[in-house]
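This is what each chain is made of:
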Amino acid sequence: MQKFALSVLGQDRPGIVAKVAEILADFGCNIEDLSQTILQWEFAAIYIFSKPDQVDPEDILHTLEQALNPWGLTVILKPADKPNKWIDEPADPFVVTAIGQDKVGQIAKLTGIMRDFGCNITGLKAINHSQTFPDKMVMVFEIAVPLSTNFKQLRDELEQAAHSVGLKFTIQHRDIFENIHRI
Amino acid sequence: MLSEREVLSTFEMIKNEHLDVRTVTLGISLFDCASDDLSKFFDKIYTRIVSTAKDLVRVCDEVGDKYGIPVVNKRIAISPMAIVAAPFDSEQMVEIARTLDKAAREVQIDFIGGFSALVEKGMATGDLSLIEAIPEALTQTERVCASVNVASTKAGINMDGVYLMGKTIKEAAHLTRDRDGLACAKLCVFANIPQDIPFMAGAYLGVGEPGAVINVGVSGPGVVKKAIDRTLEANPEADLGMLSETIKKTAFKVTKIGELIGREVAKKVGVQFGIVDLSLAPTPNVGDSVGEIFQSLGLDSIGVPGSTAILAMLNDAVKKGGSFASSYVGGLSGAFIPVSEDLNIANAARDGFLNLEKLEAMTSVCSVGLDMVAVPGDTSAETLAAIIADEMAIGVINRKTTATRIIPVPGKKAGDKAYFGGLLGEATIMPVREGFSEKFIRLGGLIPAPLQSLNN
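Chains as they are written, first to last, in the numbering used here: chain A, 1 to 183; chain B, 1 to 456.
To be clear, the hints were calculated from the coordinates, so they are not data collected in a lab. There may be inaccurate statements among the hints.
List time: in silico EDC-like cross-link candidates among lysine to aspartate or glutamate, alpha-carbon distance up to 16 Å [as the list claims (entries may be wrong)]:
| # | chain 1 | residue 1 | chain 2 | residue 2 |
| --- | --- | --- | --- | --- |
| 1 | B | K417 | B | D178 |
| 2 | B | K66 | A | D156 |
| 3 | B | K413 | B | D390 |
| 4 | A | K152 | B | D61 |
| 5 | A | K136 | B | E4 |
| 6 | A | K125 | B | E6 |
| 7 | B | K248 | B | D316 |
| 8 | B | K249 | A | E178 |
| 9 | A | K3 | A | D56 |
| 10 | A | K136 | A | D102 |
| 11 | A | K168 | B | E17 |
| 12 | B | K66 | A | E159 |
| 13 | B | K15 | B | D65 |
| 14 | A | K78 | A | E58 |
| 15 | A | K125 | A | E142 |
| 16 | A | K109 | A | E157 |
| 17 | A | K152 | B | D65 |
| 18 | A | K3 | A | E42 |
| 19 | B | K66 | A | E142 |
| 20 | A | K152 | B | E62 |
| 21 | A | K136 | B | E62 |
| 22 | B | K249 | B | E6 |
| 23 | B | K66 | A | D92 |
| 24 | A | K168 | B | E12 |
| 25 | B | K249 | B | D229 |
| 26 | B | K66 | A | E157 |
| 27 | A | K51 | A | D26 |
| 28 | A | K51 | A | D33 |
| 29 | B | K15 | A | E159 |
| 30 | B | K66 | A | E178 |
| 31 | A | K125 | B | E4 |
| 32 | B | K44 | B | D101 |
| 33 | A | K3 | A | D53 |
| 34 | A | K168 | A | E157 |
| 35 | A | K168 | A | D135 |
| 36 | B | K66 | A | D175 |
| 37 | A | K125 | A | D102 |
| 38 | A | K78 | A | E65 |
| 39 | A | K109 | A | E58 |
Make a model of the complete structure from these sequences and hints.
Quick look at the structure:
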């Protein structure tokens, strides 16, 4: 069994996930991980699935495209990679929250610093017009901070950068959210 | 992925609602430092405190940074000095207080508590020496806090101790007359003092406690107020049952944070974790007030009719939420109503909504007592003792902790302002019915333990 990564992107409508799942099942493929989201009206999904050895991935791609292209969806299929050194590095999960008026370059500024410190972004949501802050941009980054990081320096640089682009900012270990909100 | 709501509500609590860990207090037992040689005793207690607490401030800051929740105060509580230093006289006790102050400065903590005596049933030599030393000790030191337990449900009220504390408070105020009697702001008189309070000025480490232990005091009146406001905004029909539920849930969250941070600090400092004291402890900052909660719940001001009922509900909801969040809740755990330390309560006293009698009534359902109350400088030791006795009676009969931290402000009268500075704030001096209690106080003796004590 070989693992593949599949991504589907395009305008949202009912039935996309069902269609992809049916096609993969018909080929005897097992979906191992699936994440799907909608931003405004654009649908995006990424699947990791394993396929029987005798099935040609070109056949899967062709079938998916035939079904999904008419709906305005783009399909990308590639063999899934093995974990690299960034994924394996021991790290602590932190959550960065940044809130303020929407401006060009905010995400670039913050993520540039995260990159410079070797932090891997494991989850990111940037939401305009959230319920809590209807007139502001809200960014929530989940990042893996390598254990060797000088945390104070990372925090200070992120904070300075956030302020320079008009954002209020916090960085907190993920455990705090689990503790406060979950029993 | 965490939900947006979870992340943003935490962001709001920290950025706009003054959520913090109010104090991480390291309890240090000094019993094995006992000696009748004063210089040896100094060396032993200084070394013990400094070596145990040397990393406390750094670790608290690191852990606070990690979770994005500031640990505002780092403090130390020690074994009751009246027992540890029992062989010494009052002058030597003052020297001991200076040593404690020096150790506190060395490890950069803001207060050290435990210059304390437990005299609910009677006074031993060490207790007398310590109490006699309190006025000088609190005048000559900056960071030392003192407490004296003069009553308990099991023992009754030691009225000789109460009278002695009335005189001690007068003397402490006199010695710091140039600072509005500041020494009295570092002195609490208790009934049923808990052994593990992390909050000052009452913190000390009781005799049944470990050698070293981290106790955490969490706060968050601003968070509670905002939670109530949000509930009412979302549902204008919300009744007190629903609002009590909101307070309970908020207290749960705040307590969880305290325990998480306390346990990590304890691990890194290498000592046992003790308890979380979930108390709504205000500061003189706008938006960090217990008094404002009363306004959110519909009263024009704390102190008007309805205040005791609200405080009872608030105290109870806080305890319920806290006890569900942690199995190790201790200390005072409830709502504080310190007059000078809460801008809103101080204003209520200034504007005449809150007087001493109403405050006393409210202490029957709050978690501490008459706290940071400024009274006229000419209030006699006997009247102060009578006020203390009333407060002790409330604690003894209701099987709860009560305390007084009362400041007769030298040279000032009712309606004047007293300034204590920093977190201690400022307060309008409340009028007192003076000169009617002397005969009662001079009777002395022990008021016997109440029927409530016979529960075996």
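A quick look at each hint next to the structure:
1. B/K417 - B/D178: 14 Å, holds
2. B/K66 - A/D156: 12 Å, holds
3. B/K413 - B/D390: 22 Å, violated
4. A/K152 - B/D61: 10 Å, holds
5. A/K136 - B/E4: 14 Å, holds
6. A/K125 - B/E6: Within the cut-off at roughly 13 Å; holds.
7. B/K248 - B/D316: With Cα atoms ~8 Å apart, B/K248 and B/D316 stay inside 16 Å; holds.
8. B/K249 - A/E178: At roughly 15 Å apart (the allowed maximum being 16 Å), A/E178 and B/K249 satisfy the hint.
9. A/K3 - A/D56: Holds, at about 13 Å.
10. A/K136 - A/D102: 6 Å, holds
11. A/K168 - B/E17: The given pair, whose Cα atoms are some 14 Å apart, holds under the 16 Å limit.
12. B/K66 - A/E159: Holds. B/K66 to A/E159 sits at ~14 Å (cutoff 16 Å).
13. B/K15 - B/D65: 14 Å, holds
14. A/K78 - A/E58: Roughly 10 Å separates the two Cα atoms, so the pair holds.
15. A/K125 - A/E142: 9 Å, holds
16. A/K109 - A/E157: Roughly 10 Å between the alpha carbons, so the hint for A/K109 and A/E157 holds.
17. A/K152 - B/D65: 8 Å, holds
18. A/K3 - A/E42: 26 Å, violated
19. B/K66 - A/E142: 14 Å, holds
20. A/K152 - B/E62: This hinted pair holds, its Cα atoms lying about 9 Å apart.
21. A/K136 - B/E62: Not OK: A/K136 and B/E62 at ~31 Å, beyond 16 Å, violated.
22. B/K249 - B/E6: Answer holds: B/K249 to B/E6 is near 14 Å, not above 16 Å.
23. B/K66 - A/D92: 10 Å, holds
24. A/K168 - B/E12: Since the Cα atoms of A/K168 and B/E12 sit roughly 11 Å apart, the hinted pair holds (cutoff 16 Å).
25. B/K249 - B/D229: 14 Å, holds
26. B/K66 - A/E157: 15 Å, holds
27. A/K51 - A/D26: Roughly 11 Å between the alpha carbons, so the hint for A/K51 and A/D26 holds.
28. A/K51 - A/D33: Holds, at roughly 13 Å.
29. B/K15 - A/E159: 13 Å, holds
30. B/K66 - A/E178: Given pair B/K66, A/E178 holds - Cα atoms ~14 Å apart, limit 16 Å.
31. A/K125 - B/E4: 8 Å, holds
32. B/K44 - B/D101: 15 Å, holds
33. A/K3 - A/D53: OK: A/K3 and A/D53 at ~10 Å, within 16 Å.
34. A/K168 - A/E157: 13 Å, holds
35. A/K168 - A/D135: Holds, because 14 Å separates the two Cα atoms, which is no more than 16 Å.
36. B/K66 - A/D175: 10 Å, holds
37. A/K125 - A/D102: 14 Å, holds
38. A/K78 - A/E65: With a Cα-Cα distance of about 14 Å, the restraint between A/K78 and A/E65 holds, given a limit of 16 Å.
39. A/K109 - A/E58: 40 Å, violated
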